[in-house]
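Note that the protein sequences, when read in sequence, are chains L and G. So for the first sequence, UniProt numbering puts the first residue at 1; every next one is plus one. So for the second sequence, UniProt numbering puts the first residue at 1; every next one is plus one.
Take these hints with a grain of salt, some might be off.
Reference listing, derived: stretches of chain L covered by chain G, where coverage requires no fewer than 3 residues with Cβ under 8 angstroms from a Cβ of chain G [as the list claims (entries may be wrong)]: (1) 101 to 109; (2) 239 to 251.
In the DSS-like style, the derived pairs of lysine-lysine whose C-alpha atoms are separated by at most 30 angstroms in a straight line are [unchecked claim]: (3) K126/L - K43/L; (4) K224/G - K80/L; (5) K179/G - K80/L; (6) K43/L - K490/G; (7) K241/L - K254/L; (8) K585/G - K43/G; (9) K78/L - K374/G; (10) K490/G - K216/L; (11) K179/G - K253/L; (12) K179/G - K78/L; (13) K585/G - K78/L; (14) K43/L - K80/L; (15) K80/L - K567/G; (16) K216/L - K224/G; (17) K254/L - K179/G.
By construction, these hints were calculated from the structure, which means they are not laboratory data. Positions of the beta carbon are idealized from the N, C-alpha and C atoms, including for glycine.
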Amino acid sequence: MKTSKTARCLSVLYMFLLLFMTTGCADKYLVLNPKGPIGEQQKDLMILSTLLCLIVIVPVLILTFVIVWRYRDRKGRKAKYTPEWEHSTALETTWWGIPVVIITLIAIITVRYTYSLEPSKPLESKVEPITIQVTNLDWKWLFQYPEQGIATVNYVQFPEDVPIRFEITSDAPMNSFWIPQLGGQIYAMSGMAMVLHLQADEQGEYMGSGANYTGKGFADMYFTAKATSQEAFDQWVSEVKGTSAALTLDGYKKLAEQGTSDVRYFSSFPEGLFEMTVTKYAASHNHGLSVKARKEVRIEE
Amino acid sequence: MWDKAKEFASEFFVTGDPLIYGADVSIALTLIAIVSVLTYYKKWGWLWREWLTTVDHKRIGIMYILASVLMLFRGGVDALLMRAQLAMPELQFLPAEHYNQIFTTHGVIMILFMAMPLMFGLFNVIVPLQLGARDVAFPFLNSLSFWLFFSGAMLFNLSFVIGGSPDAGWLAYPPYSDKTFNPGYGQDFYIWGIQISGIGSLMTGINFIVTILKMRTPGMTLMKMPMFSWSVLSSCIAIVFAFPILTVTLALLFIDRYLGGHIFTLDGGGNPMMYINLIWMWGHPEVYILVLPAFGIFSEVAATFSKKKLFGYKSMVFAMMIISVVSFLTWAHHFFTMGSGADVNAFFALSTMVIAIPTGVKVFNWLFTMFRGKVTFETPMLWMIGIIPNFVIGGMTGVLLSVAPADFQYHNSYFLIAHFHQVIIAGVVFGFFAGLYYWWPKLFGFKLNERLGRLAFWLWNLGFYLCFMPQYALGLMGMTRRVYTYGWDKGWFEMNLVSTIGAVLMGAAFIVQVWDIAHSLKKMDREGTQDPWNARTLEWSIPSPAPFYNFATLPQVTHQDDWWEKKQRGWSAPAVELEPIHMPKNSGIPIIMSMFWFFSGFGLVFDWLWLAVPGFVGVLACMIVHSFNYKPDYYVPVEEVQRVEAAARRGSK
C-alpha cells in the first residue's frame with residue numbers, strides 16, 4: 001500500500017533523527033546535564049512529569065493507530081460497524097477520569113516543587129552564601145561582588161559547593177538571567193532586585209546567557225560562569241584587585257551605553273552602585289536587596 | 001527643496017537593503033499587473049459590484065481566505081529567511097536588525113493576519129450554511145469587519161517598505177517597545193495595524209454569537225447544532241471578552257509612545273509588568289480562540305469520514321465551554337520567571353493543567369468516533385488523523401511547560417518555540433487545512449485533486465516533524481529564542497540544519513497546494529460537488545457553490561445530523577411554494593470607511609494630523625451616512641429564485 005510505504009520511510013527517518021539526537025552528544029543537552037542542586041531537581045521534575053504524561057500519551061498513540069487500522073473501510077471487513085453508537089457513560093467517565101488522575105498527580109508534584117524551588121528561597125547549606133549582584137545592560141552583563149569589592153563584565157566566577165545569592169536587576173530593557181547547567185532563569189527587570197539562589201557542585205565552565213530579547217546586540221549576551229575551588233576563587237579575587245582598574249561612576253555610565261563588550265575586570269566599584277541602579281526608577285520596589293541602601297546615592301547629572 | 005525631499009524620502013522609505021529593494025520592485029510589478037488586467041478586461045465594475053461591496057457571507061469568507069493565503073506566503077517567506085540565517089553558525093545572511101524585524105513580523109502576521117482571517121473565512125463560509133440561515137445576523141457589519149481586517153493587515157505590511165518594520169517581538173513588551181528604545185515608526189505601524197483589524201475581529205465575534213443564537217433554522221435547537229458551529233460559538237465568546245483587552249492595552253502603549261505617557265515606562269511611575277500581564281490576558285485566550293474552531297472541524301471531519309455519529313456530543317460541548325472560560329485564567333504561565341512568587345505560580349500552573357483535561361477528553365471522543373466506524377482516507381480525513389499524534393505531543397509538552405518550577409528551564413528557549421509551533425501549526429493551521437479541503441467543493445463548486453492533496457499532506461507533516469522536533473532538542477541544549485546567530489562552540493549546528501531542511505519542505509508543501517488549486521481550477525471537476533463526502537450537516541443539502549440566498553426554502557430540522565438522517569430515510573424535498581426571499585443590499589460604505597481608518601492609522605504612525613484628523617472625520621461621516629440608510633434590504637422575487645435554483649442544480653449534480 002502506498003501509505004504504509006510512506007509511513008515506513010517516515011519511521012526510518014525518525015530512527016535516524018533519534019540516533020542523531022542520542023549518540024555521543026549527551027553533554028550538549030545542558031538542561032539535562034545539570035551541575036548544581038537546583039538544576040538537578042528541575043531535571044528530575046522534567047523527567048518525572050514527562051513519564052507521567054507518557055502514561056496517557058503512549059496508549060493514545062497506539063490506540064489511534066489500532067483504531068484507524070482496524071476500522072478502515074475495505075472489502076470483506078469483519079470489524080463491527082455501529083453508525084448510531086454515540087454515547088457510553090462508562091467510557092466517557094473513564095476518559096474524563098484518566099486525565100483527571102494524571103493531572104492531579106502532576107499538580108501535586110508541581111505545587112510542592114513550586115514552593116521548594118522558589119528562586120528567592122535560600123539554599124540549605126553549612127556554608128555561608130556569597131552574594132553576586134547582576135545588572136543587565138545593553139548588551140552586556142555587569143557582575144558586582146559586594147563582599148569581595150570587585151566587578152566583572154560578561155564573566156562570573158564563584159567557588160564550588162557554596163550557595164550563591166544572585167541579586168538581579170536591569171538598567172536596560174527586560175532580560176532574563178540564565179545559566180542552564182546550574183538552574184532555571186529569572187527575569188532581570190529595572191526598578192527591582194530579583195533574587196535567584198544557585199550553586200555549582202562541580203568545578204567547570206558553564207554557559208550563561210540572556211534569555212529574553214533586548215534588541216540589536218542581544219545575541220552577544222553570553223557569558224561564562226566558572227566554578228572553581230575556594231582557594232582558586234580567592235586567588236582570582238586578589239588578582240583582579242591587584243591588576244585591574246577601578247569602575248567609576250562615569251565608567252559605569254559609559255559601560256551602560258548601548259554596545260557589546262568583551263570580558264572586563266574591575267578592582268572596585270562605586271559604593272551602592274547596585275542599590276542606586278535599582279532605586280533610580282521611580283516605581284522601585286527595593287525588596288530583595290541584601291544591603292539596604294542606607295545612604296541616598298544619586299547620579300549627578 | 002530637493003535636499004529636503006531627499007531627506008524625507010530616505011526616512012520615509014526603507015532603504016539600504018537589497019532584499020527590500022527586490023520586494024519594492026515585485027510589489028510594484030504585481031500592482032501594475034493587477035491594475036492592467038482589470039482595466040484590459042474591463043473588470044473594475046464587476047470587482048466593485050460583486051466583491052468589494054458585497055455583504056454575502058460566502059464571498060466575504062472567500063476574500064478572508066484569499067487574504068490569509070497571501071499572508072501565509074508573506075509569513076512563510078519570513079520563516080524561511082529566519083531558518084536560512086540559522087542554518088549554520090555565524091552566517092552573515094541577515095544582520096541582527098533585519099532578523100529582529102523578521103521574527104516580529106512573522107509572529108504578528110501568522111497569528112493575526114493569517115490564522116485569524118483563515119478562521120474567520122471558515123466561520124463566514126460555513127456557519128450560516130450549517131445553521132440553515134440566509135446570511136449572518138449583521139451582514140453590513142460583517143463586510144465592515146473584513147475591510148477593517150484588510151486595512152489593518154495592509155497598514156502593517158506597508159511597514160516593510162515604508163517607515164521600517166517593528167522589531168520588538170510579536171507582543172511588543174515594553175520597555176523595549178517604548179519610544180526610548182524604539183524610536184522608529186515600526187512600533188506605531190504595529191499598534192495601528194493590530195488596532196484597526198482588532199476592531200474588525202471583535203465585531204466578527206459579536207456577529208457570530210448573534211447569528212448562532214438567533215438565526216438557526218426551525219427545529220435546530222442548540223443541542224442539535226453541528227459541532228463546528230458550537231466551536232465557533234465558544235471561540236466567539238472568548239473573542240468578545242479578550243479583544244477589548246488587546247485594544248485597551250495597545251491604546252495605552254500608544255499613549256506612552258505618542259503623548260509621552262508613563263503607563264508602561266520605567267520612569268515616572270510606570271510599570272512594564274502591567275503590560276505583560278494585560279497583553280497575555282488577551283494573548284492566552286487568543287490561542288484558544290484559534291484552536292477551538294479547529295476542534296470543531298476535527299469533529300465534523302471525523303464523523304463524516306467514519307460514517308458514524310460524533311461520539312460524546314454533550315461532553316464535547318461541555319469541554320469546549322470549559323476551555324473557553326478557563327483559558328482566561330491561565331495567562332501568567334507565560335511569565336512564571338517574573339518573580340511573582342510561589343502562590344501565584346502555583347495557581348497559574350494548576351489552572352493551565354486543568355485545561356489539559358477537557359482537551360484530552362476531546363481526543364478520546366474523536367478516537368471513539370472512528371471506533372466501529374467505516375474510516376476512509378480522503379484528504380480532509382488524512383489531515384484529521386495526522387493531527388492526532390501531532391496535537392497529542394504538542395499538548396504533552398504544554399503540560400510539561402506548565403510545571404512552573406521546570407518552566408524556569410524551558411522558558412524562552414527553543415523548547416517553548418517548538419511547543420507553540422506544534423500546537424499552532426499542527427493544531428490550528430492543519431485543522432484549518434482539514435476544513436479547507438473538506439469544504440472546498442462547497443465553497444467553490446469544484447473538487448481539488450486528491451493525489452496532490454495527499455502529496456501536500458505528507459510534505460507538510462514530514463517538514464513539520466523535521467523542523468520542530470530538533471527545536472525541542474535545541475531548547476534542552478540551552479538555545480534561546482530570538483538570537484539571530486550562534487557560535488560554532490555551542491554545538492547547535494546539526495539540529496538547526498535539520499530544522500531548516502524541514503522548513504524548506506513545508507515551503508515546498510505550500511507550493512504543491514497552490515499548484516493543486518491552479519491545476520483543479522483548470523480542470524474544473526464539478527461532478528458531484530453538492531455532497532461529495534456523503535456528509536451529515538445542512539450545508540451539504542444545497543447546491544455547490546451555494547446560491548446567494550443559500551436556502552430557497554428554510555429546512556425543517558428534526559435530528560442532530562439532520563442531512564444524514566434525511567438521506568437515510570430516503571427523504572426528498574417536498575414541493576413547497578417558494579416565497580420572495582428577504583436579503584441584505586450590498587454597500588460601499590464598509591470599504592470606504594475602512595480606507596478612512598487606514599489613512600487615520602497611517603497619519604498617526606507618522607504624526608501627520610493633517611491626514612489622521614480628516615481620516616477620522618471620514619469614518620464618522622460614513623457612520624452618519626449609513627445610519628440614514630433606511631433601505632438596507634430587498635426581496636428576491638420568486639421567479640429569480642426559481643431561475644437560480646434550476647441553474648445551480650444543473651451545475652453541481
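Consistency of the hints with the structure:
1. 101 to 109: Coverage by chain G holds for the stretch 101 to 109 of chain L (4 residues, Cβ < 8 angstroms).
2. 239 to 251: violated (count 0)
3. K126/L - K43/L: holds, 24 angstroms
4. K224/G - K80/L: holds, 26 angstroms
5. K179/G - K80/L: violated, 66 angstroms
6. K43/L - K490/G: Cα-Cα ~20 angstroms, so holds.
7. K241/L - K254/L: Holds, at about 21 angstroms.
8. K585/G - K43/G: Roughly 21 angstroms separates the two Cα atoms, so the pair holds.
9. K78/L - K374/G: Distance of about 11 angstroms is within 30 angstroms: holds.
10. K490/G - K216/L: holds, 20 angstroms
11. K179/G - K253/L: Distance ~20 angstroms between K179/G and K253/L Cα, so the pair holds.
12. K179/G - K78/L: violated, 69 angstroms
13. K585/G - K78/L: violated, 56 angstroms
14. K43/L - K80/L: Violated: K43/L and K80/L sit about 46 angstroms apart, past 30 angstroms.
15. K80/L - K567/G: The hint holds at about 22 angstroms.
16. K216/L - K224/G: Violated - the C-alpha atoms of K224/G and K216/L are around 55 angstroms apart, more than 30 angstroms.
17. K254/L - K179/G: Roughly 21 angstroms between the alpha carbons, so the hint for K254/L and K179/G holds.
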